[in-house]
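Asks: In case you want the letters, here they are:
Protein chains: 2
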Amino acid sequence: MSVVLEAIYTRRSIRRYAPDPVPEDAIREIVRAGMNAPSAGNEQPWQFVIIDRREILDGIPTVHPHAAMIREAPVAILVCGDLTLETKQGYWVQDCAAATQNMLLAAAALGLGSVWLGVYPRDDRVTGLRRLLGIPETVVPFALLPVGHPAEHKPRKDEFHPERIHRNAW
Amino acid sequence: MSVVLEAIYTRRSIRRYAPDPVPEDAIREIVRAGMNAPSAGNEQPWQFVIIDRREILDGIPTVHPHAAMIREAPVAILVCGDLTLETKQGYWVQDCAAATQNMLLAAAALGLGSVWLGVYPRDDRVTGLRRLLGIPETVVPFALLPVGHPAEHKPRKDEFHPERIHRNAW
Numbered sequence: 003m004s005v006v007l008e009a010i011y012t013r014r015s016i017r018r019y020a021p022d023p024v025p026e027d028a029i030r031e032i033v034r035a036g037m038n039a040p041s042a043g044n045e046q047p048w049q050f051v052i053i054d055r056r057e058i059l060d061g062i063p064t065v066h067p068h069a070a071m072i073r074e075a076p077v078a079i080l081v082c083g084d085l086t087l088e089t090k091q092g093y094w095v096q097d098c099a100a101a102t103q104n105m106l107l108a109a110a111a112l113g114l115g116s117v118w119l120g121v122y123p124r125d126d127r128v129t130g131l132r133r134l135l136g137i138p139e140t141v142v143p144f145a146l147l148p149v150g151h152p153a154e155h156k157p158r159k160d161e162f163h164p165e166r167i168h169r170n171a172w
Numbered sequence: 003m004s005v006v007l008e009a010i011y012t013r014r015s016i017r018r019y020a021p022d023p024v025p026e027d028a029i030r031e032i033v034r035a036g037m038n039a040p041s042a043g044n045e046q047p048w049q050f051v052i053i054d055r056r057e058i059l060d061g062i063p064t065v066h067p068h069a070a071m072i073r074e075a076p077v078a079i080l081v082c083g084d085l086t087l088e089t090k091q092g093y094w095v096q097d098c099a100a101a102t103q104n105m106l107l108a109a110a111a112l113g114l115g116s117v118w119l120g121v122y123p124r125d126d127r128v129t130g131l132r133r134l135l136g137i138p139e140t141v142v143p144f145a146l147l148p149v150g151h152p153a154e155h156k157p158r159k160d161e162f163h164p165e166r167i168h169r170n171a172w
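In order, the protein sequence lines correspond to chains A and B. With our numbering applied, the first sequence covers 3 to 172. With our numbering applied, the second sequence covers 3 to 172.
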């Protein structure tokens, strides 16, 4: 089995973290993985906010209903779509999602745990994070990834549903 | 360097394919990688159409303006969003994009080449593919991935733009 396929099948959403700090190099590598995602016409419409100040991390659950675990995380990365960078209208969401998936795989490959907390298209989360972090109106908070050393372990996922596969016609 | 990170940095959009057939096992593995993507509330709103009949592949460029390379590809996979499976409103696009990115990485890991051809949200492409493949109105053609043995080789991409990284505030 390819190491890459194995990584895809074993990556899980990790919501509990040890208090140990995450090395700056690892965070940089996770963001770099995001930046190497494909995008429509190579528009790369993304921006990233690394959050490691405790009081800001602790403020996030007040603007995101499913982010309580972030009080335990040493760091989080907010993936944003920059509408001023979109050259192929309507594709920034897909581009940012591809970047986010790369980042989750990179975190797991580095022995770290993370989880995709959906932000866009929930207006209250978008607005709340914009205000908390001083993000301009042309930039849309898209997904939030707490990152930490895993304090929970989950088995391989291995989803396979042959009934979802069609051939040459529906 | 982790094999997974290396895979993320070396994956490229491959648009030229050798005529050799792609083993059925490889296609199944690529789809399985898609099915193991994370999704909002684990809704897994995806469906997949494997296209390997020559006359259907050759018809695709008539409904998609950037799909000429599919005449060379032995097989293609259409990722679709099934609106009847969406439980977290507004997230099916992100979920399908995460699945698509997993599939591109899986194809590369298997030594195959592919490229993300955007379908949704372009109405003409969505409608044209629906008609060509008999896809119901509740299912949205999302992205099309030709798959073949690579007949072009591209260098490592290695995008990194530190000016896109912000810390604790914009």
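Honestly, I wouldn't trust all of these hints.
Chain copies aren't distinguished; within one or between two, either way the pair holds.
Derived lysine to aspartate or glutamate pairs resembling EDC-like cross-links, with alpha carbons at most 20 Å apart [stated by the list, open to error]:
| id | residue 1 | residue 2 |
| --- | --- | --- |
| 1 | Lys90 | Asp126 |
| 2 | Lys159 | Glu45 |
| 3 | Lys156 | Glu45 |
| 4 | Lys90 | Glu45 |
| 5 | Lys90 | Asp27 |
| 6 | Lys90 | Asp125 |
| 7 | Lys90 | Glu26 |
| 8 | Lys90 | Asp54 |
| 9 | Lys156 | Glu8 |
Derived by calculation from the structure, the hints in this document are not laboratory data. From a predicted model like this one, the values you see are computed outputs, not experimental measurements.
Asks: When Cα atoms must be at most 20 Å apart, do Lys156 and Glu8 count as within-copy, between-copy, both, or neither?
Replies: Within one copy, since 14 Å is at most 20 Å while 25 Å is not.
Asks: Reference check for the pair Lys90 and Asp54, CA-CA at most 20 Å: within, between, both, or neither?
Replies: neither (33 Å within a copy, 29 Å between copies)
Asks: With identical chains, the pair Lys159 and Glu45 could be close in the same copy or across copies; at 20 Å between alpha carbons, which is it: within, between, both, or neither?
Replies: between (33 Å within a copy, 14 Å between copies)
Asks: First find the shortest C-alpha distance between Lys90 and Asp27 inside one copy, then the shortest across copies, and answer within, between, both or neither for a cut-off of 20 Å.
Replies: neither (32 Å within a copy, 34 Å between copies)
Asks: When Cα atoms must be at most 20 Å apart, do Lys90 and Glu26 count as within-copy, between-copy, both, or neither?
Replies: Cα proximity of Lys90 and Glu26: none, with 33 Å in one copy and 34 Å across.
Asks: Given identical chains, is Lys90 near Asp126, meaning Cα to Cα at most 20 Å, within a copy, between copies, both, or neither?
Replies: between (26 Å within a copy, 15 Å between copies)
Asks: Is it within a copy, between copies, both, or neither that the alpha carbon of Lys156 lies no farther than 20 Å from that of Glu45?
Replies: between (36 Å within a copy, 19 Å between copies)
Asks: Between copies, within a copy, both or neither: which fits Lys90 and Asp125 at Cα up to 20 Å?
Replies: between (23 Å within a copy, 14 Å between copies)
Asks: With 20 Å as the alpha-carbon cut-off, assign the pair Lys90 and Glu45 to within, between, both or neither.
Replies: within (7 Å within a copy, 28 Å between copies)
Hints 5, 7, 8, counting from the list given before, are not met by this structure.
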